[in-house]
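Heads up: the protein sequence lines correspond to chains A, B and C, in order.
Letter 93 of the first sequence, counting from 1, is numbered 104 in my numbering, and no numbers are missing.
Letter 95 of the second sequence, counting from 1, is numbered 537 in my numbering, and no numbers are missing.
Letter 124 of the third sequence, counting from 1, is numbered 688 in my numbering, and no numbers are missing.
If you're looking for bench data, these hints aren't it; they were derived computationally from the structure.
Please read these numbers as outputs of a predicted model, since none were measured by experiment.
Each residue gets a CB set at the ideal place from its N, CA and C atoms; glycine is no exception.
Any given hint could be a false lead.
Claimed, not checked - Cut-off 30 Å, straight-line C-alpha distance, at most; resulting in silico cross-link-like pairs (DSS-like, lysine-lysine): (1) B/Lys-554 to B/Lys-766; (2) B/Lys-807 to B/Lys-824; (3) B/Lys-558 to B/Lys-583; (4) B/Lys-583 to B/Lys-554; (5) B/Lys-554 to A/Lys-217; (6) A/Lys-217 to B/Lys-558.
As the list claims (entries may be wrong) - Here are some, though not all, of the chain B residues that point toward chain C, as calculated from beta-carbon distances under 10 Å: (7) Ala-687; (8) Ala-774; (9) Leu-790; (10) Ala-793; (11) Ile-808; (12) Leu-813; (13) Ile-814; (14) Phe-917.
What the hints assert, rightly or not - Listing some non-contacts, in silico: residues in chain B with all C-beta distances to chain A over 12 Å: (15) Ser-532; (16) Leu-544; (17) Arg-607; (18) Asn-627; (19) Glu-651; (20) Glu-715; (21) Ser-721; (22) Gln-828; (23) Arg-835; (24) Met-861; (25) Ile-885; (26) Asp-888.
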Amino acid sequence: MIRRIRPITVILTASLVAAILLIAIFVPTVFSGQNLANLALASSITMIAATGQTLVLMSRNLDLSQGAMVMLVALSTGMIHGATGAPIALLLPFAILLGALLGAVNGFIVAYLAVPSIIATLGTAGVFRGIGFFVADGSQVSRNDLPVDLIEFAKLQVLSVPAPFYLAILIAAAFVIISRSTVPGRTLVAVGYNEPAARLRGIATKPVIVSAFVLSGVLCGAAALLFAGIFGNVNPSDATGLELQTIAAAIIGGTSIAGGKGNFIGTALGALLLALILNVLRISDIDPLWQLAIQGLVILVAATIAHRSSGMRGRVKKEMVSL
Amino acid sequence: MTDSVSFAPLSVLEARGLHKSFGATRAVRGVDLVLKSGEIHAALGENGAGKSTLIKMLSGSLLPDDGSVYLESEPVRFSSPRDALRAGISTIYQEVASFEGLTVAEQISVGKWPTKRGLLSARAMHESAREVLSELAPALKTSQLMSSLSLADRQLVEICAAVARGTRVLIMDEATASLSAHEANRLYELARKMADRGCAVAMITHRFEEVMSHADTYTVLRDGRLIETGQITDTSEAQLIELMAGVEVETSVSPDRNLGPTLISVEGLSREEEYENISFEVREGEIVGLAGLVGAGRTEIGETIAGWRAADAGAVICDGTELKNGSRNAAARAGVSYLPEDRARHGLVLAASVSTNLTVEVLGKISWWGLIQRRIERAIAKRRMQLLSISARTPSQRTSELSGGNQQKVAIGRRLESMPRVLILDEPTRGVDIRKKHEIHDIVRDLASGGAAIVIISSDFPELALLSDRVEVIFRGKQVAKFSAPVDASALLDTAMRGGAS
Amino acid sequence: MKFLRSFAARPEFGALVLLPIAFLSASLMSPFFFVGENLANGFVQYTELGLLALGLTFVIISGHIDLSVASILALSGVALGRSLQAGWPVEVAVLLTLAVGLSCGLVNAILVTRTGLTSLIVTLGTFALFGGIAQGLVGYSSIGELPESFVGVDRLLFVGIPLPIWIFAVCAIAAAVLLHGSVAGRKMVLTGMNAEAARYAEINTARVEYWVFALSGLMAGLAAVLLVSRSGVVVYNLASGYELTAITIVVVGGASIYGGSGSILGTVSALVLIATLQRGMSLAGIAAPLQLVVIGVLLIGSIAGQSIFRIVRTRVNSSRKSGSIPIDA
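One chain only, chain A, in its complex shape (with noise of 0.2 Å):
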């Protein structure tokens, strides 16, 4: 395997070092252990849904229903619990596979409806949070309807360090491997880059945007459990602009919103970068709700700079005469 390191991600460590050593000299309380701690546990959620995001950036769009996917996982898991008390066992492939019905009508209306997946996905972001406001009915699902072992997971540390924080960063490494070395991940790199040339090779393009689709709502999937564990809480207004999160975090991480190029790693570097922020944000006691503007700034500048030091400009208007 030939080692690839990109430029982007050593801008990024270095960032990510040298803010490190502002705050450790003006917000020195950050690097207290439990802080850090919670600053992990609070960035493993992003980083697995930026995983999902990352991988559909890749196929050339855009999910903007990851908060809806989150919430509506996370509720509907919560209600059938309480309801139930179905053990974590169908709890988990339920989730799953919630999350992948979820992204695959997403996928289906980017690929066969030919709908521009932001269109797309705004729309089944409000049909999701629609759903969920009506099954929840104006209830909330609460500690007792979660199940035990979800929430003892997300308090679960392993050498101080956060477990579900543990599953984050795997499940990116997974991404890596996948991304780098299989077929179907190569086969998505190629789509990206150039989806009618891929077209022209004999590569079926439209099931291979359905399948990040689907990855990204899997991905939700799985974080909408850590959710439910973490916070305890469920109600249908939750995980509201998470997508926004995941794609500041992806496209600070270097990859590309022209498609093609991801970076994975980079991705869960951004997520963590985000939790920093917001958690320096909090430490200093300003209003939390300062963390949106800071996200926005975040993806105007992260994405004009990718976009100026890319040559892609010459790219997007190299499009081979569609078929």
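Since chain A is already given, all that's left is putting chains B and C on it; use the hints.
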């Protein structure tokens, strides 16, 4: 027939009686073509002769209206390039289908990945790529990124990918159009190696020397019909050029115009990697042709005069004053108007109505305090439609619904509305049927008689010969020859293809 | 017949055909729907969305998208609330609000024309940025106790109809004249159809982009004035989610998401259609969340409909052979 001892060439791909029409234009009418194993076959013809259409039917990009295609004697029907690819027919285009973030080895393997226990076997992939590369393009490394390669190298990789797929028929559709002669030669050497392995190769090119030095057999097309097919060794360049040009149909109207003083002159115009030291002048009432092959730099020169590009050196002088370099406004104010080559993408807004297109450059004239006066707009459109006999149902018909010829008249009509003094027409009759072509020629002559200075850029050499008072030949960015009326179309073609050096 | 066919090809066709059906079913579902007062009260709540949709119509027709409209509304609303709170005269505060809306639109325009990023990404970023600044400035508390002279614009009647509806009507007519009757509107449509060809026709497409994003921002500012006056309070999630409904209105109104076609009449009829649907559903006791589902399905359905229509038409055209393809390249 040559007495080849080694093996009798086997027919790999055969086309019988292919037909294809676009609207009223019959692009290909009843053409047969046979591609044999071990042979490089050149499809020859002028612009609009139907060679690209023919090749596109073999590579699966177009479905024939009639006729059949046989692959190794089995009838086949390709409804997409993918079908053709699966059958072992690979096409190399001028634009490479490359995946920029992938390595050379991956580019070769896309769609046919070697695996080992479910995982992509990087070793097998690199090994098989290395195998192909070492034989065909030893200078390339398997781990290089596609985005780091030159256009020519990407073309080479595409051919290597075709070899790795086990291609039986290789089609090179203008594959060398953007390459230098040296790079093109490397590509043809590769094609020859493939032919030696038993592949059948078909090529389309605008460069004659490539045909003479690399092809074994040829087919000449003219007006969509098959004119002749044979061995390159049995013919000569002059003979082929004559076959391509054919007998002239349109009778030349003697340029019986009064030429006025010089209106526009181009002095030593240069632009890096595009053209250098171009100088000519056009008088009032004069038609000057810029002849050259696609990619020779003609369009770039036209766009520079009209202010769409900035020149690195030189000047454009209109009516005694130098135009500001690279300023569209300055050119427009001086009365210079440019008709772009690509009608569908640049020349017209096809989705808009005929009247919208005809009046887009004179929006000020048809509006009052920023509000469009529909009555005036309609009147102007109707008058222009009448003057140029544009056949559209109403001025509000969508331009995309018109035939190619009528669309082109709308595109020209739009430029006339602002009453230009200098009109640069880039390929004004491409994709236009014969009758409409003559009508457009008449329009151009009328304009010149009215005192406009006209520059026609074209690779349709009989057209240039017919219309122009003078023709400048551009070859690879350089001005290589000059012809004055009466211009000999065959001589023009010959110079444009070979750069004048005989 | 010929008239019918040309009408069917117009962008507003779908919305106009669905409108009487929606009216009818809304009146059937609830006998209260058609009571005059109810109708006016119902629609007055939609004037802000209507203004956002008018601005968006320009953006979408010229081939772009603006996901930030609701955030611009929120930010302008916060500026309004804070300046009124500080005791500024109402006129000055309103002007400031419009100026904030306009500036946000210009920020979008600058980013789109200068960075080379698509308007999708730019306005996704500014959606978070403007909205985030707004909610950061407000915090979890709300801005209330606004001056009496400002609050309650919806209770002012003119010829029996609430003032906001008049304001919307005037804006819609002005927008129709601008889009369908002016040189600027013509340039927007041409840019949306084919930006490259528009540039070859001496149209300054960057200037067109400035115009449409500025208009969209200004409309959001105006909507903020109406919304804050109507509700009398500014909260941190003011107008959140409005962008989804506004985009849905424009698209259901027949504007092509790829630019180049659409009409103000279409947007207005889609607005009335969606208002009718939601009012009808509310009066019939259908929960608000399900209405969100309906909006999402409408959005996706109308774009899927458009693209399927487009695919079928190109298939038909190419089998009929349009002759527009240059034959030999």
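Hint check results:
Between B/Lys-554 and B/Lys-766 the CA atoms are separated by roughly 54 Å; this puts the pair beyond 30 Å, and the hint is violated. For the given pair, B/Lys-807 sits about 15 Å from B/Lys-824 by alpha-carbon distance, which is consistent with the 30 Å threshold. For the given pair, B/Lys-558 sits about 23 Å from B/Lys-583 by alpha-carbon distance, which is consistent with the 30 Å threshold. At most 30 Å may separate the alpha-carbon atoms for a hinted pair to count; B/Lys-583 and B/Lys-554 meet this at roughly 19 Å.
Distance restraint check for B/Lys-554 and A/Lys-217: the Cα-Cα separation of roughly 18 Å lies within the 30 Å cut-off, and the hinted pair is therefore satisfied. A distance of roughly 26 Å separates the Cα atoms of A/Lys-217 and B/Lys-558; the hinted pair therefore holds under the 30 Å criterion. Annotation: B/Ala-687 was flagged as interfacial toward chain C, and the flag is violated, the nearest CB pair being 15 Å apart, outside 10 Å. With a least beta-carbon distance of about 7 Å to chain C, the hint placing B/Ala-774 at the interface is held under the 10 Å criterion.
A hinted interface residue such as B/Leu-790 counts as satisfied when its beta carbon comes closer than 10 Å to some beta carbon of chain C; here the least separation is about 6 Å, so the hint holds. Taken as an interface hint, B/Ala-793 checks out: its beta carbon lies about 4 Å from the nearest beta carbon of chain C, inside 10 Å. Taking 10 Å as the C-beta contact cut-off toward chain C, the hint placing B/Ile-808 at the interface holds, the least distance being around 8 Å. At about 5 Å, the closest approach between the beta carbon of B/Leu-813 and any beta carbon in chain C falls short of 10 Å, and the interface hint on this residue holds.
Residue-level restraint check for B/Ile-814 holds (minimum Cβ-Cβ distance to chain C is 6 Å; threshold 10 Å). For B/Phe-917, the interface hint is violated, since its Cβ never comes within 10 Å of a Cβ in chain C; the closest pair sits about 20 Å apart. Distance check for B/Ser-532 against chain A: the nearest CB is about 9 Å away, which does not clear 12 Å, and the non-interface claim fails. A Cβ of chain A approaches the Cβ of B/Leu-544 within 12 Å, the least distance being about 7 Å, so the stated non-interface status is violated.
Residue-level check failed: B/Arg-607 sits 9 Å from the nearest beta carbon of chain A, not beyond 12 Å. Every CB of chain A is more than 12 Å from the CB of B/Asn-627 (nearest about 25 Å), matching its label as outside the interface. At roughly 28 Å, the least C-beta separation between B/Glu-651 and chain A is larger than 12 Å, which holds for a residue marked as non-interface. Every Cβ of chain A is farther than 12 Å from the Cβ of B/Glu-715; the closest lies at roughly 15 Å, confirming the non-interface assignment.
A cut-off of 12 Å between C-beta atoms confirms that B/Ser-721 is not in contact with chain A; the least separation is 32 Å. Here B/Gln-828 stays apart from chain A, with its beta-carbon at least about 36 Å from theirs, past the 12 Å limit. Annotated as non-interface, B/Arg-835 keeps its C-beta farther than 12 Å from every C-beta of chain A; the closest such distance is 30 Å. Consistency note on B/Met-861: stated as away from chain A, and its beta-carbon is indeed over 12 Å from all of that chain's, at 34 Å minimum.
In this structure B/Ile-885 is separated from chain A by more than 12 Å, as the shortest Cβ-Cβ distance comes to about 30 Å. Chain A leaves B/Asp-888 outside its interface by the beta-carbon criterion, the shortest separation being 36 Å against a cut-off of 12 Å.
When the structure is compared with the earlier hints, violations turn up for hints 1, 7, 14, 15, 16, 17 and for no others.
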